[in-house]
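Colleague: Going down the list, the protein sequences come from chains A and B. Residue 583 in the numbering used here sits at position 504 of the first sequence, and the numbers go up by one each step. Residue 454 in the numbering used here sits at position 452 of the second sequence, and the numbers go up by one each step.
Keep in mind that the hints were calculated from the coordinates and are not lab data. Do not rely on the hints blindly, as some may be mistaken.
Subject to a maximum C-alpha distance of 16 Å in a straight line, what follows is the list of computed EDC-like cross-link-like pairs (lysine to aspartate or glutamate) [claimed, not checked]:
no.	chain 1	residue 1	chain 2	residue 2
1	A	K252	B	E431
2	A	K247	B	E431
3	A	K252	A	D707
4	A	K504	A	D618
5	B	K364	B	D438
6	A	K683	A	E591
Residues on chain A that point at chain B, a partial pick, calculated with CB under 8 Å [what the hints assert, rightly or not]:
no.	residue
7	Y200
8	V228
9	F258
10	Y274
11	I734
12	L744
All C-beta atoms in this analysis are idealised placements derived from N, C-alpha and C, irrespective of residue type, glycine included.
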Amino acid sequence: MSRELLGTLTWLAPLPPLLSFAVIVLFTNRYRQISSAIAVVAMLTSCVLSFVVFFNAVGIGNLGEDPIRGIAYSFIPTAGSTFNIGVAVDPLGATFMFMVPLACSLIFIYSTSYMASDPLYTRFFAFLSLFGGAMMGLVVSDNLLSLFVFWELMGFCSYALIGFFYRKPSAYKAAVKAFMTTRVGDMLLLLGIVYLYTQTGTLNFFDVLHNAKVLETLAATPAVLGLGISAAGLIAILIFGGTVGKSAQFPLHVWLPDAMEGPTPVSAMIHAATMVSAGIFLLLRFFPLLQVGGPDNTAFMVVGLIGAITALLGATIAVAQYDIKRVLAFSTISQLGFMVAAIGIGAYGAAVFHLLSHAFFKALLFMGSGSVIHGVEHGHEHVAHAHGDEHGNAEELDHDHGAETASAAPAFDPQDMRNMGGLRKRMPITFYTFLAGGLALAGFPFITAGFWSKDEILADAFHGLSTGSLISTIVFIVLAFSALLTAFYTARQISMTFLGEARTEAAANATESAPAMTFPLIVLAVFAIFFGFVNVPKDFPVLGALFGPAAGWLKSFISTQLVELQAFKEEAQVFNAIPLLTSLVVALGGLGLGWLVYGQKPLKAGQTDPVEKLGGLFTFLHNRWYFDELYRVIFIKPLQAIADNYSRVIDKGVIDWALEGLYKLGVGIAGALKEFDRVIITGGSDLIGNTVRSIGREGRELQSGQVQNYLLSALIAAVVLMVFFLVLAQ
Amino acid sequence: MLSLIIFLPLIGALLIAFLPRASTALMRWVAIGASLATFAASLFVLFAFSNTQAGYQFVESYKWIEQYGIGYKLGVDGVSIWMLMLTTAIFPIALWASKEVVHDRLKEFYALVLLMEMATLGVFLSLDMFLFYVFWEFALVPMYFIIGVWGGERRIYASMKFFIYTMAGSVLMLLAIVYLGINGGTFDLVALIAKNGPWAASAPLFLAFAIAFVIKVPLFPFHSWLPDAHTEAPTPGSVILAAVLLKMGAYGLIRFNLALFPEASKQFAPLMMILAVIGILYGAIVAFAQTDAKKLVAYSSVSHMGYIVLGIFSLNQLGIQGALLQMVNHGISTGGLFLIVGFLYERRHTRELARFGGIWAKMPLYGTLALLFTLSSVGLPALNGFVGEFVILQGAFQANWQMTAFAALGMILSAVYLLTFFQKIFLGESHDPANDKLQDVNWREVLAVAPLLVFVFVIGLYSLPFFNAMNASVTSLLSVAGLAMK
């Protein structure tokens, strides 16, 4: 297919979901089935278009140096500036054009069943379409400006969808929190954008990032802040600020766990296909800017450290959560930390690989948990009916999923894993697919995608460690430990949810979900298992040879992205047993430990979770290191205090006080003059005095007669003016 | 043509003056008709306007008071074209939205609004300083009465404050105008700029103009009249005040300060940028603390107008063009928000945020409209506010990155207070039984905001025509004043 045609297809790819949003909002918002059908068909169309581009792109050898480009348009045409927007597909973009529409399509299909009883069904599909379309737009953007537009649109979509149950306080609070927290990162990103433009005069990726001269200049220019950073480094760090917000990195990670207040398909969108991937995508895009400063430069250090901290933070907190979705939320934070840390040590290909495999298995896990929640809720309703408990039922059903509305009975939480157990038998498809996803997350050796991608990161980190890189050393140790925790909490989650006996009647009566929900699970489970084989290292014992020329395909495809990457890739390909052993030990060790504690002797109803034996540490982790409380004390409270006192003290206390003082002084002088007037020039003109007095009595109502007089004089004045001009015009 | 545009509203006002007091519907239609005729005339100007011409177009020049060099001179260029369009577009909307709001002394009301339109159009189109000043002062009077007669409880205080504040500012400007007229031998702005006299670096003259303008903008710390005036004014008054009157100040800064005193502008640019940034942050923080919806929107104006001043005193192409576009955007978003708040006030006669909550469920269409204006004001990309804000920040960064870094904090704060605003009114559950009977917006209300909403999207997605029209004039302004990028 010709490149022009591919460029056109790339332009078209994000359009169907965006159009679907418009069509649903404007025309079909009263028709539920039509709206969801439009959304699904639009997303599938987008998927097909993207796949055509992807499979053609794969065949282009020099895609990295010469990406597929579409026509560019001028977006903000001020004189003397070039804010052009266009589309492009390079290897990085191509891989996303495979993952994003595929995951989105599956989520859309799943939603048709999951949201079936929701009264705002059409609104949901409208926003979901916009969300998917925005992510597609972001992926194909060839410049930072349109990327930022789509980036912010996604921010809005997440706001609208997290707060979808907008009558429920926890939901709208989570929505506002998500928007504001990510906005902090967006501000840094925007500063990065304007800085980049100020330095280079363009926001086009390829003009900046594929241009060695520009990169070198940026690296040689000292940053405006000083601090010994180059302009390239500072711009990279500012742009990374955007990633920290969007991809929920420490210290802006606090919004993501709350984001599960949205319906579960939204969590899958946010945690896998769109939002958080967008942040990593952006950082990957700007990798050359990080790299140009050389290994272990400040920007790399910042990125690597933030990633490592986040990976550890997320993993520790996930261990001590009871809410099935909350565990997954913190695991997302942790896994995103893995990717960011990988970028921080220069392991570009490994980061892409882990991002893609994570997107598949995390979408799977979230939708699996949604299926679980759905099942348990049905069980709960079943039990409630059986007990003749009319309370709340009718109302709950016409509302939406009981758990996700304020009207749900507070006593029973269908998301709490302590209320589950034994679901393996009740929901077999959900169980086996969830198991596949869980094992991938834990990095179960050889047969899961997660193993290969995580191993790749560890291998690259170890390679850096062996060359004496400080950041690689930190990353290797922290990630290995985090991976151990990951495997442990995954085993805990699977055991508590699916194994043993049901701990509540609701769980005992849970039912398997509809095919529209299980079908996407099965598809994703296939990816969670087999996706890793696209990138088995060439020199991996036995398997490397088995895959022959296909081994390490993803990495070599991605590596054509940048010529500079080639060198790093080749070196890292040298096989080393230590990282592999580390991967095996942490994955199997964590899973084994989890099995010992939770799997062998499953939790009984009413039994305390063994993790709680950690005491103070458990409380600390369960409360998420008290970050929310900390931020409340150091940011939110002071802002409120300042805001509440500001207007009183400055506006009323200082500015108006000074003005009123001046005013009174004027009135006083006028009054004195008037006295002077009255006493000295008796019977003289009272004009000044009267005027002043009428102004002085500010409390007095304006008399209607007065208004008319003023109006009349104003009118007369205006007419005189006009007549005057008309005469002049002769 | 421009004279016709200026005086069409006056003709409307005169017609209304001769109508019998009882025929209120007729008055209303005459007022709307006159403002629409003005809009149509301005559309004609827009279509005939040449984007490539840097100088003034549709110039009308007549001698007036010859011995002092005072003339009657009008013209429009890329700086004023969108101000012209904004003004002529906002007035019909404000008049249209008056029906539910203003119930007494309709004759005076409609006449005053039309006089107001005449005066503001005169401000934007005058090329003679004396003529400009006449219109500038004239614009005060109708607004004073609109607030003072049809306003809220504290209307007298608010209107007095508004009047005295702005009057005090313009006294100095009058002196400066007279000084310039005498020393330059003419009041013709174009001729004065061409002379490029020694005043170009004069700090006192710069300040005399700037103070008058920044009070109108208003720039921190000259803003304290604004929340009172906005809050007390009836909805159409607030809309006109926010959308058009504030722009007179920002417009004046570009038209007079930058053009007449380029050297002084350079000197004062850092100070103005600092005040702008303080205004952005201060306005946003104070807005966050407000419990009255209208006051919140009023303080948001202080914050948003700060961006505009920041852009202007970047003294570069991007900054000024961004500021000009943002002036239009602010008129659209804030005008829209005032209308939106007004709709609710008409129903509930309160604006206390605490009395609401859960309104979206009661008034779905209204909620959606409000959300769109809120997001436009937040500066969400693909909507109008973003384009202006982005271009301003880009321009400002090139001029002064430190200031821009602080100004960017406003991005976060605007999301904080505006989303809180939206949340408190629309999300959650309603706890006040008075909210249960609320009716969704009617067609008349939808029609009032619809044109604004169209431009929220048009400017957000396709700003090309807007920038194209201003490119040539701004380039020439910068090069004539010697302000072009170093």
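Colleague: Which of the listed hints are broken here?
Modeller: Those not satisfied are hints 4, 6, 7, 12.
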